[in-house]
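Construct the entire structure; sequences and hints are all you get.
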Amino acid sequence: MSNSERTPLLPTANDNGKQNGTARAGTHYLSAIAAAVGLAPSNNAPQQPKPQGVQTMLRVEPKVYFANERTFLSWLHFCIVLGGLAIGLFNFGDRVGMIAGFAFTLVALMFMIYALYLYLKRTSMIRNRDPGPYDDTRGPVVLVITLIAAILLNFWLKFVSFFGY
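Its first residue numbered 1, the sequence shown is counted upward by one per residue in my numbering.
It is possible that part of the hints are untrue.
In silico EDC-like links for lysine to aspartate or glutamate, alpha-carbon gap of 16 angstroms or less [as the list claims (entries may be wrong)]: (1) Lys-121 - Glu-69; (2) Lys-121 - Asp-135; (3) Lys-121 - Asp-136; (4) Lys-158 - Asp-94.
It should be emphasised that the hints constitute simulated quantities derived from the structure, not laboratory data.
Structure below.
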């Protein structure tokens, strides 16, 4: 650590208003107030040595497991809604509806499997007390792109069947 990193931003009471060899008016008063409020280190406070090399077991609270399960159930809820829409299109639609229903069914099944994979991976990471990362940056993006592709497929098929191409 260099000396410039150890220099306090506010001068302490022993500096008598001098910082870097120059006297500044009123800095002694300000440093005393800052030390009293706790913004600057005071000279009276004993320095606590920092323990080094001490490792403790992390306690994983149950709410971490519940948050993982809640996320899994949220993904499954979305997949079930999408699957219900797909079955409705497949059963009660024309040829275009059946194709779109099949596409939405594949998307729902794909993301059910992905949700299960994420749930099991995160559960394993929590059990092993792995520090992370636990976030999922690719899944939602892939989901949106896949849904847009399925919706565009539905529109394109409907457009083609309407104009008889």
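Hint by hint, here is what the structure shows:
{"no.": "1", "hint": "Lys-121 - Glu-69", "verdict": "holds, 12 angstroms"}
{"no.": "2", "hint": "Lys-121 - Asp-135", "verdict": "holds, 12 angstroms"}
{"no.": "3", "hint": "Lys-121 - Asp-136", "verdict": "holds, 11 angstroms"}
{"no.": "4", "hint": "Lys-158 - Asp-94", "verdict": "holds, 10 angstroms"}
Of the numbered hints listed earlier, not one is contradicted by the structure.
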